[in-house]
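Novice: Sequence:
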Amino acid sequence: MRSFAFLSILALYLTQETFAFKAHDFKTCEQSGFCRRGRALAARSKEAKSSWVSPYSVDPASVNVSADQAVFTAGVKSSLYPDINFGLEVRIQEDGVARVRMDEIGGLRKRYDEAASWALIEEPKLSRDIKWTTGKQDIRAVYGDKKDIQVIVAYNPLRISLVRNGKEQVVLNDNGLLHMEHFRTKQEPPAIAEGTEETPSDDSQVVMQVENPRAWFEGDKEDALWEETFGSWTDSKPKGPESLSLDINFPNHNVVYGIPQHATNLALPSTTGEGAKYSDPYRLYNSDVFEYLADSPVSLYGSIPLMHAHSADSTVAIFNAVGSDTWIDVSHASDKSTETHWVSESGIMDVFILPGPTPADVFKQYARLTGSTVMPAHWSLGYHQCRWNYVSTDDVRGVQKRFDEEDMPVDVFWLDIEYADDHKYFMWNEKTFPDPVEMTNDVAANGRKMVVIVDPHLKRANDYPAFQAASELGILVKPKSGEGEYEGWCWPGSSSWTDFFNPAAWDWWKSMFKTQSPDGKWSWTKSTTDIHIWNDMNEPSVFNGPEISMPRDNVHYGGWEHRDVHNINGMLFSNLTSQAVAERTDPPQRPFVLTRAFYAGSQRFGAMWTGDNLGTWEHMAVGIKMVLANNLGGFSFSGSDVGGFFGNPEPEMLVRWYQVGAMAPFFRAHAHIDTKRREPYLLEPKYKDIVKGILRLRYTQLPIWYTAFRETSVTGLPVLRPQFVMFPKDKTGFTIDDQYYIGSSGLLVKPVTVKGATSSDVYYDYFNHHAYRGAAKGKTITVPAELHQLPLFVRGGSILATRERPRRASSLMKKDPFTLRVALSKSGDARGELYLDDGVTYDHLKGDFVWRSFEASKAGKKGVRLTNKDLGSAKPDQAVDGAALSTYNPQNNFANSIESVRVEKIVVVGLSAKPSTVKVEGGSDLIWEWTAGVAASEKKEGAASILSITVKDLKVAITKDWAILIQ
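In UniProt numbering, the protein residues as written are 1 to 967.
Hints are computed from structural coordinates only; laboratory data are not their basis.
Keep in mind that the hints are not guaranteed to be accurate.
[What the hints assert, rightly or not] Subject to a maximum C-alpha distance of 20 Å in a straight line, what follows is the list of computed PhoX-like cross-link-like pairs (lysine-lysine): (1) Lys424 - Lys510; (2) Lys779 - Lys729; (3) Lys110 - Lys480; (4) Lys960 - Lys919; (5) Lys526 - Lys514; (6) Lys424 - Lys514.
Let the sequences and hints guide you as you build the complete structure.
Specialist: Shown next as structure tokens:
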């Protein structure tokens, strides 16, 4: 969403926006003082090799273990600065996660230590099953069900490791790069005596490095400690240097994933050492990077400081709870290990070590920390139609009319910034949107919703109630002086930003979304509860600011500088917006909020998208990797703009992109204001028919997507799962990032992202789909992939529940019957699940839901018995959103409301022989059809046929227990 509608102040930004990514708008590591210092530290350590020793050590006399044995604390000293004190704390949590914190004690100032409090859902519970053992050289904790895990804190030098079965999994300060720059008083440079040289000779520099350990460790000159310039901006750095360097190594894991968001491979390539792919580290600094490169370590819109490390033996992860600008070097030191170096501008050391040992364990451990993706509104999993901008209420109505005329399903229409009067959010442009409530009601009458953009910048105008109220409440971000209101430039021109770190802003922001004015205060009365929200520009994006963002020395609530909280800022905006949308009604209803900027924990508040991508094949392909990375980062509800935000994709590309989008959790088409209109109904008939089929496929599979979201809300396992998550011991699959599985459904997707492709190579492991069982050469199969064909497979042993009736919106499918598709494994069995609730309210947390298990097993020599059983009673503590539903009743209100919903068809593939009878157990015979087709991969070999049966006109309810016998 972009606008060219004003003022010369935006000319530079818009020129950049229109043509290409401008690297000079964003810092490289070499242009960032603290990153430059951190990398120089690493370079000196490599040069010194074995003589390099970390100056940080534990004072053994200060070691203290809490009475319950869960917490170890100690004092830490740096030999460089004997008068500076640091405090170390190691906590072992109930689930085995080790939390390592280190902070400066008694310093001149306080370091920012609140990042974790914004990310965590609660203070983690401590273990009651560990014991610390103190030795002369270290202190150790042993724990785990098998007592196979150790946390070892070595005293001198300080080194912290997590060990499982005698093998090191994670090591902090292994390379001695730990450096917490302490607060200090700025010293004026000493006067230079007359006749002396200002710069020492090369020989004297060598002597200095030998004789001065500080120079040996930190360098022989101050580098951007107190002030820093970038372009025309100067960062005043009033607190002086406070960066944190820390090396985190994975000695027995040669692949690392995560730290979204970057446009790169899922398995992160090296940034240092021999064979490095990139020259700069990966950066976590929420940035408005328009037309970003399709292969780069450059920071993008969101930052999740979570990294997974994987090997065939185990999976571990670390969550580094820091909210400031962070650079991360990755080095695959050998074919068995990975070394990483994290350098953050400010904050304390607060690292959570997740011990795994499986991918599922890591996801569960991380979800316990930051929460899981909550159950979305059901309609939000449908298709979203957006562009910058639908220009009027008549335009919106016209787009809806065309979708219905073409019989194309869609659930949501979106409005970008041009709906707002002079970009004053909550206020409609009355010339083009004279009847917004009536427009929204017209959309809602067809079972659909609206999403409208609300950005964080507030136009500084006397006729804008939102700005006036925020100013009067004193809740706007302040400039570096700490007085008054920060003024920057964004879409409305002169703007200010609400400081959501200020609790006084919270209730006010929530009141703004009320559709009726509370207590006579101004609110969005020209709105309805069918309007949901899009939060954009919340990095924050500031057109005339450094790196197109807010100055780092701006001041937030509590006196913290913007540098301390930059990456957290956008999450608070979407958090409060999500609460505001939910609380418009009493009782609350599930909100939909899309955010561009995010941080660890943002998955609790809505969906994200990968920002302003380009309409190129490369961006289509990397978008898949980015969405997978966000799923690994705990943020499953994610997607990329179908068609690309910039450009005019050719029909072939647009069709392929719809295939990609339909197989992503968040499915939205979006386009720049300068692009040609590309709604799917505008395509030529041959392309339009393909896209219509893709849209219908998405709606057919909505029960699969919704069930997958139930699982991620409980377990933390992502909705989209790359190969290594499904088959963690298969080394060949560790780097595969162009195909993935959807939840536990058994669906494998390999989107086509190459122009002109007519076939696709699909990799699999233990993949038992009968059509390809006999054709594998190695573990790769080549399948047809003409333009109308999406490589989509069902893994043997899976049962899928779908709804096959074409509808114009998902809300109209609530009473539709189900089709069960059963793909038997080699052993003749299969399993699947279906989760349903009303999709709108929070009644599912009270037990109002349907959760069924479908199982197929052998019955006799050649028969199959298919059952439908209730899972809510069997697993009440795993229902949804972590709610413990010990009082769950299968005959709950929601179940009763859909008791008439039946299974209308069952398709079973992989039978060993033609059956003689098909009937409901204890009931009458059923109508069925028999098919004996030849497997696609086996035609040339004349091998076995695919034996399948289709059972129709069943009278069995989806909500009841039953069994069907095929014999």
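Novice: What hint numbers does the structure not satisfy?
Specialist: No numbers; nothing is violated.
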